[in-house]
Amino acid sequence: MLTTHALSVTRRAPASTVLTDRQPHETLFLTPDGAVPNGAITVAMFLGEADLLTRQLPACRFLALPSRNRLAVATGFAAAQIMGIPALMTAERTLHGLEHLIQSYPGTALLLSSSDTDLIDLARQQGWTFVIWDMSGASVWTRPPHDIPDDRIAAIAFTSGSTGNPVAHTKRWRALVERSRAIGTRFALTTETDAPCHIVAPVPSQHMYGFELSILLPLHTKAAIWCGPAFYPADITHALERIPPPRMLVCTPLHMRAMQDAALPAPPLLRTISATAPLSPPLAAGFEARFGTEVHEIYGATEIGSFATRRTVAEDKWHLLDGVKLEAAGGNGAGQDGIEIDQPVAQAPFCPDTQLADIVTLLPGRSFRLIGRQADMIKRGGKRASLAGLSHILSELPGVEDGTFYLPFHKADDANNPEAKLIALVVAPGCSVTTIMEGLRARIDPAFLPRRVVKVEALPRNALGKLPRNAIEDMLHRMNTIAF
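Counting in the working numbering, the sequence shown runs from 782 upward without gaps.
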């Protein structure tokens, strides 16, 4: 007699990671909002607010977070994870941009703060689905933090558009956790440290840099983020005065230069982090001396997030964060120090292999030297230079307040094409075009001299200090300069 047995299959639950591994009493965010005693948002309060928000939101497939209120963005992101839907990390505030976003992601709801009056009016006019959120201070979470599946798409981040139209990139939960933990380890912000580091971050919460260092970082490292006003030098110094030590500033070279020029008194800074644009060693050195701080740069890409750092005044090479590897496509040249790699592949925990738009030289000790962004490199007569490098030289000329090199139509591979001639855009009220050209001739190869220097009142930089290509093109078209 044949006896049959039912086959028992044990299904393993998908791996997960808690929304935050901080303790309930620990402070995640600091706010001037009077609804919160002492302005400290603890883990228990934050999770309570996020849970309350999940019951206020309509049924939706995506939650867009365009608010300038950092605490609203953080709470909305946490609520989206609890609900199991992706957060759209967009700082877009125009009708065209938000309309395109909502059309691209059907079933999107917007989370706004009462301070976003322009977006509230726009959403009402257009009939968009939106919710207005403000801190209530009335809800406290008393249970363990939520477990979030590691492979869940937690967010969709967008490039800044500095080299073209913004591109969307999906972000899985565990990959985001690993990147924030790696940053915390590099800067000694581990959860085992005694005192949290209090951070002022005058960068948009939605850009990958601001997302990692002002939204994700406090969830998994010993950090507390200021959520009040902080963009102009006076706002930044006021915010630094309101938070206890140790203090850290997360900013851009644009903010650093503005703070240097403003010469406002500020309390000591344990550390300053800069990203999104090249930082000159003289600016870093001056900032360190002025504010009693160490200046470090982070290098990253929206595709993978932060993956390397350096102390700007000490060296020009970058050091990979824990768990990150760089190698040539197909593995060619992996581990061979001193070789130059065009568009290397970055490998990071819980991330798909990502081909970067960079040219690097591998160095010993898990480090590399950045040659430039592939899309940023131009070649002339067998020579090459990067637009970022040329722009840096231009900006450092005496009397120049701001400047950039611009190449119309991306035809950098044709040195004889008149459409590929370089333009130098410069903010220099006290300098003549002749003086600027003389300064450039003394510092750069003749092959890369601009065909024309255009003086402007201001460059169309965004909140990160970046120059979106379409913003430059719009400015040049208005000036009738692009066709010459």
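Think of the hints as simulated: they come from the structure by calculation, not from any bench.
Careful, some of the hints might be misleading.
As the list claims (entries may be wrong) - With a straight-line cut-off of 20 Å between C-alpha atoms, the simulated EDC-like cross-links for lysine to aspartate or glutamate are:
#: 1; residue 1: Lys-1247; residue 2: Glu-1084
#: 2; residue 1: Lys-1247; residue 2: Glu-1078
#: 3; residue 1: Lys-1098; residue 2: Asp-1123
#: 4; residue 1: Lys-1247; residue 2: Glu-1219
#: 5; residue 1: Lys-1106; residue 2: Asp-1123
#: 6; residue 1: Lys-1247; residue 2: Glu-1177
#: 7; residue 1: Lys-1106; residue 2: Glu-1075
#: 8; residue 1: Lys-1003; residue 2: Glu-1084
#: 9; residue 1: Lys-1202; residue 2: Glu-1182
#: 10; residue 1: Lys-1164; residue 2: Asp-1134
#: 11; residue 1: Lys-1236; residue 2: Glu-1182
#: 12; residue 1: Lys-1003; residue 2: Glu-807
#: 13; residue 1: Lys-1164; residue 2: Glu-1182
#: 14; residue 1: Lys-1247; residue 2: Glu-873
#: 15; residue 1: Lys-1106; residue 2: Glu-1069
The model shown is predicted, which means the values in this text are computed figures rather than measured ones.
Here's how the hints hold up against the structure:
Using a Cα cut-off of 20 Å, the hinted pair Lys-1247 and Glu-1084 holds, with the two alpha carbons roughly 17 Å apart. Proposed proximity of Lys-1247 and Glu-1078 is supported: the alpha carbons are some 16 Å apart, at most 20 Å. This hinted pair checks out: Lys-1098 and Asp-1123 have alpha carbons roughly 17 Å apart, not beyond 20 Å. Straight-line distance between C-alpha atoms of Lys-1247 and Glu-1219 comes to about 27 Å, which puts the hinted pair past the 20 Å bound.
Taking the CA atoms of Lys-1106 and Asp-1123, the gap is about 15 Å. The hint holds against a cut of 20 Å. Pair hint Lys-1247 plus Glu-1177 holds up; C-alpha atoms about 17 Å apart against a cutoff of 20 Å. For the proposed pair Lys-1106 and Glu-1075, the alpha carbon gap of about 26 Å is over 20 Å, so the pair is violated. Between Lys-1003 and Glu-1084 the alpha-carbon distance is near 26 Å, which puts this suggested pair outside the 20 Å criterion.
Annotation: proposed proximity of Lys-1202 to Glu-1182 is violated, straight-line Cα distance about 23 Å (limit 20 Å). Simply put, Lys-1164 and Asp-1134 have alpha-carbon atoms about 31 Å apart, too far for the 20 Å limit, and the pair is violated. At most 20 Å may separate the alpha-carbon atoms for a hinted pair to count; Lys-1236 and Glu-1182 meet this at roughly 11 Å. Distance restraint check for Lys-1003 and Glu-807: the Cα-Cα separation of roughly 9 Å lies within the 20 Å cut-off, and the hinted pair is therefore satisfied.
A C-alpha spacing of about 28 Å is found between Lys-1164 and Glu-1182, which places the hinted pair above 20 Å, so the restraint is violated. The suggested pairing of Lys-1247 with Glu-873 holds, with an alpha-carbon distance near 15 Å, which does not exceed 20 Å. The suggested pairing of Lys-1106 with Glu-1069 is violated, with an alpha-carbon distance near 30 Å, which exceeds 20 Å.
Taken one by one, the earlier hints fail for this structure at numbers 4, 7, 8, 9, 10, 13 and 15, listed in ascending order.
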